[in-house]
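Given chain A, work out where chains B, C and D should sit, using these hints.
Protein chains: 4
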Amino acid sequence: MTTLSPDHLSVLEKQSIELPSWAFGNSGTRFRVFATEGTPRDPFEKIADAAQVHKHTALAPSVALHIPWDKVDSYDELRAHAEDHGVALGTVNSNTFQDEDFKFGALTHHDDRIRRKAIDHHFECIDIMDATGSRDLKIWLAEGSNYPGQNDMRARQDRLADSLQQIYARLTGEQRLVLEYKFFEPSFYHTDVPDWGTSYAQVAALGDKAMVCLDTGHHAPGTNIEFIVMQLLRLGKLGSFDFNSRFYADDDLIVGAADPFQLFRIIAEVIRGGGLNNPDVAFMLDQCHNIEDKIPGQIRSVLNVQEMTARALLIDHDALDAAQQANDVLAANAVLMDAFYTDVRPQLAQWRETRGLPADPMAAYAASGYQQQIAADRVGGTQAGWGA
Amino acid sequence: MTTLSPDHLSVLEKQSIELPSWAFGNSGTRFRVFATEGTPRDPFEKIADAAQVHKHTALAPSVALHIPWDKVDSYDELRAHAEDHGVALGTVNSNTFQDEDFKFGALTHHDDRIRRKAIDHHFECIDIMDATGSRDLKIWLAEGSNYPGQNDMRARQDRLADSLQQIYARLTGEQRLVLEYKFFEPSFYHTDVPDWGTSYAQVAALGDKAMVCLDTGHHAPGTNIEFIVMQLLRLGKLGSFDFNSRFYADDDLIVGAADPFQLFRIIAEVIRGGGLNNPDVAFMLDQCHNIEDKIPGQIRSVLNVQEMTARALLIDHDALDAAQQANDVLAANAVLMDAFYTDVRPQLAQWRETRGLPADPMAAYAASGYQQQIAADRVGGTQAGWGA
Amino acid sequence: MTTLSPDHLSVLEKQSIELPSWAFGNSGTRFRVFATEGTPRDPFEKIADAAQVHKHTALAPSVALHIPWDKVDSYDELRAHAEDHGVALGTVNSNTFQDEDFKFGALTHHDDRIRRKAIDHHFECIDIMDATGSRDLKIWLAEGSNYPGQNDMRARQDRLADSLQQIYARLTGEQRLVLEYKFFEPSFYHTDVPDWGTSYAQVAALGDKAMVCLDTGHHAPGTNIEFIVMQLLRLGKLGSFDFNSRFYADDDLIVGAADPFQLFRIIAEVIRGGGLNNPDVAFMLDQCHNIEDKIPGQIRSVLNVQEMTARALLIDHDALDAAQQANDVLAANAVLMDAFYTDVRPQLAQWRETRGLPADPMAAYAASGYQQQIAADRVGGTQAGWGA
Amino acid sequence: MTTLSPDHLSVLEKQSIELPSWAFGNSGTRFRVFATEGTPRDPFEKIADAAQVHKHTALAPSVALHIPWDKVDSYDELRAHAEDHGVALGTVNSNTFQDEDFKFGALTHHDDRIRRKAIDHHFECIDIMDATGSRDLKIWLAEGSNYPGQNDMRARQDRLADSLQQIYARLTGEQRLVLEYKFFEPSFYHTDVPDWGTSYAQVAALGDKAMVCLDTGHHAPGTNIEFIVMQLLRLGKLGSFDFNSRFYADDDLIVGAADPFQLFRIIAEVIRGGGLNNPDVAFMLDQCHNIEDKIPGQIRSVLNVQEMTARALLIDHDALDAAQQANDVLAANAVLMDAFYTDVRPQLAQWRETRGLPADPMAAYAASGYQQQIAADRVGGTQAGWGA
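Chains as they are written, first to last, in full-length UniProt numbering: chain A, 1 to 388; chain B, 1 to 388; chain C, 1 to 388; chain D, 1 to 388.
The following block holds chain A by itself, in its conformation from the complex (with noise of 0.2 Å):
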């Protein structure tokens, strides 16, 4: 039976994924956002959870802000608090899509004075990173137009390129800038960068610190997602992951669990292209926790990730390498299947118990009352969620 070699789990031992704050806090649908007990009321309480996602799984040193979601006084403060609990500071997000100012466009828009904010929005995130250390400003551009004709798609790419340069040029030392896609959603007709062939368009324009982030939920439906990956890889622009799983749009269920094969798949792509554990491609999650708790629900997904990878890693590539090269098709596919069906639990919980981690991290969290803790301790207060 196939197992990990010292090798692999070497691999794995230096794997980490980001987690981001605002999975700790309450999220839903248009229709409802159903509260949690115990859900942080501030970042400081966000990061608390977070670092116990780390603790029982040594997967996740780092937590994701979202401006102005995460906003705080001090963010020395925040960091000694992170850094207190175990875990670093990480990707600054930018947020585009809440403000009055922001319903028809950001950096976009056709008014100089509402492009001229959002720009100074990304300054400030900015300025936020060089307090926190971080070294990536995600863009999730949320911008476009529910009806045809309602904007003028060419105009807002030029001015969309024009505000990326201004952000661009204010990034200092390492930081990056990573811009993501989205297929659809919050807008209906038009999105200005609904795929990867747009932000890699943008990006290329910028420079060597500007990358495209991919969520693996923000694709038309069949999108071969590996393939982007892939691709990605080859043009040197993938900079970052953005974790989740989907039936159907932008679900953001916990990652593996709508199509586990296809996490498969995409990890092998990673593996394939030099992408994992490489520092210019960036794991990280962006789920909601709607209905689940939403601690073990971040344990289930870094577990979901590792677990994936250590099946992609098992993967023969001589005898894939030698079944390609004969054409021979179902013995190439069966190579993949006989590492993604390998129950590599068993082995995974063995290894988590040499390096004093608990072998299940689900039941060592569940044991540890931590939720039952929170539920008392956070009483009043008004509980962390979009702010929508």
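Hints are computed from structural coordinates only; laboratory data are not their basis. Keep in mind that the hints are not guaranteed to be accurate.
Identical copies go unnamed one by one, so any copy, or any two together, can satisfy a pair.
Under the rule of at most 20 Å between Cα atoms (straight-line distance), these lysine to aspartate or glutamate pairs were calculated in the EDC-like manner [what the hints assert, rightly or not]:
{"hint": "1", "residue 1": "55", "residue 2": "84"}
{"hint": "2", "residue 1": "117", "residue 2": "99"}
{"hint": "3", "residue 1": "103", "residue 2": "328"}
{"hint": "4", "residue 1": "209", "residue 2": "101"}
Relative to chain A, chains B, C and D alone:
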């Protein structure tokens, strides 16, 4: 050039499209609900706004209510208020997607207490219907689950059948139950009534007073909706339409905005099957005006339905039959396209004037000053929304 | 570690999956049908090949026929040939998509002569069933239209009902009619039986011996297929499966190849609804091996169904029920995933050996030399295909 | 009422749409290729048929060739034949999807011999272009794989770049290479050029004479095609269109038949971006007339493009700009819809007559007797098809 005959105009004169009270309140996406000046603060103001649509178009003589959003102390008063404004109260929509108890289901819930509460909510809706004189109880079954395994879909289906039976038994007089289906959202793995087949199977088991409601935005990508219209009419189970349009998911855009030719085909099939101006087949809107003005958004919508009905009436059925019998694909298609491409708008404008209506209802509303008036008057209070 | 119990193995031992004779002939796309060495030239050779699948797996004791592709002079001879090879003749599939007369329809055609011909074709199929001892007449209704207006969908639906009634009336003894639905292709505007709802409405009107056939590749993107499985089982109308898999359209790939987790969920729902090893619910393959070897393609397919059935049998229903009752979303999902991720292959290999079967049927077939033998023997003649 | 101005008509007079020679041969689905009386038996007859389209519309002055389908002994003779019929030879399309050697790839194949053969095929195409005077070499890359693992997508992409580089280097004078992308089919797991981003990245690496070809039927469901048109025009890389329409997959229906409003939006964006009557942006059809008559099918198609261009020219850009600047969503959309709903057909008919063309080209062709003549004349021989 083809023109509408007196018979056609007589048919058009009888057309009525029910408006949703919630279209006049604020709506948005999970990311943001943008506010609009002049948005109603209560059901009375919503009805006043809806009456504006009817005033300028003579197309929208009734307004659907959503419970609990439109609960008032006195339905007699609400009814009188509507009549004073020249409209009637219409379909009552129940709501099983916002109460914290309904987080994991309502009419399908395994907990008898919660299911009882959901059924009782429908009893309350029927009581309101008795007070308002409404005929239809519309149930959009927003229930489902987000993860495989989360629920026993089969047991839920059986419980749904039982819940519907109890509600159906409570109907009085001419009252009907219409069951709406939806492909996905707010649930992302399974929906308890995801397709017309499920709705049909459920209402067929109830009896003659139970019908299917077809929302034009609630289908999988690529679905031939006019086929379903045909089939439900054939089976005698098409109870009502929720009109809107979509590019991607349940976008709830203005009917006819995304794919006007699809709307044409749908209405052509309604006419073919005897569903036009047939009291059994209610025409309603169910839309969200997230970024555009709401009252003119509704005016535009009912005009779109009217104009497309006029085009569909122009289909030369003798020529169509002849081409179909001859297997002349191009000729048959040309008959349809000829009607679709005919610009009925000038004739409709003239006809409106002969009936004492404005030739251009959009312009007439804009010139009326109503929008400015409500923007000025409706200061303070809480703008109506979904209360999500 | 979870293992299959003797009860599970007993269930697996009873499993049977019917093979399609046409999977052993050449197939392809509209762009090209690539040939494969050793492809059968007639139904006798197809059955010989199908018997290889059963020999190595004990999973495929019967072979479905397609008429007229599999017409022979003597069905007694064909039946005896099959029995000599250890298999039986199974479902008879009719074909209304290749005769020039059927260019614009068959069972739905407005021309009485053509419709009569199509009905008579089904009478001939029933005659063949009488000769072969087949139970099921499967009708995949490939009819439809390419352009709006080309046909009167409603009249076609009524004619279909009449045609099916005539065919149904001709059935004898235990014979059944199963009606397959398909979203699109070969028609591109409308399909006369596009969805399970239409098939259900049609067969419900016929009677107890008429059932729905669910082909796993015949749905709109994103469709929750296991929900339909659940619903048809609930309604007592799931007659058979055509298994295959897909990434985009009706790709007809090896079952389980595109989305193994979906196959798992489907089979889990079959078990939940009492459809496993239930004679009312036939398991069949309907696939195309366009570029891979055909016999091992079929072996791989039946093994995929067996392995996924084994995984689905491992679901801990007590734990699942408990988690569902507690609304513990993560725990309920984990029960399902735990079964899915369990590697049943080693145990199944051992079990096969105890039954006198090869541990690795794919390797056993490859080692048997059969493929080389047929490649050498089957020289000359015309390779079987769809005759398109 | 809005009418086309002399300037508009002058623009329309310059419009030309290239016809595909293969549209005049038989085509079909994998299930059946139905024959049509009068179908050409060779490239000369195809060109004669194509010339009929131009004769009645003055819209289609050139015919694209497909190699090897349209190989002839003397291209001088073919060219003279075309000129005698009033048309020119246009784009040369290569074919890497039908040779047995190309079963697993061509320009991407790992076997140097096969890849060499594929490159040499393109050299032959360029030689033919030299003889025919064609400007564009169009490469639809039909290559891909059916199963995960079957191929190394990354290595194929690199080999593709090398193959294209060799072909590009062979171009002479004004010749161009246009690279077409396609979402899926004939491959069902991965396509080597699946999206505009990949085509763009490949042609950008080649140089100024390499461009992207956009086939309107080659996208994922829901894709906003006009956005891609805008983006490619912005990037200076939109080389040509393959027009057709679709409801589901690559249905290859008559352009404008499935979603006329989408065609309108596409052409509006072409005009917006300066792509109309721009020699850099070739308009071509790529359609299949599986069941309808082929010559009138092509006449209908070029008329659809012309009529929709006329509608798009009617957009009141001043009003549109004003509404966009004011964020008046409804007004901006109304400007677009006003142009779309204007019935340009009567004016275009009159205009055609002033140019010595038939007011109704469809009727004129039908009355010409050409169809009956070719049906009578073209007896015997083998009807042209795809030779699949």
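Task: Hint numbers contradicted by this structure - done: 4
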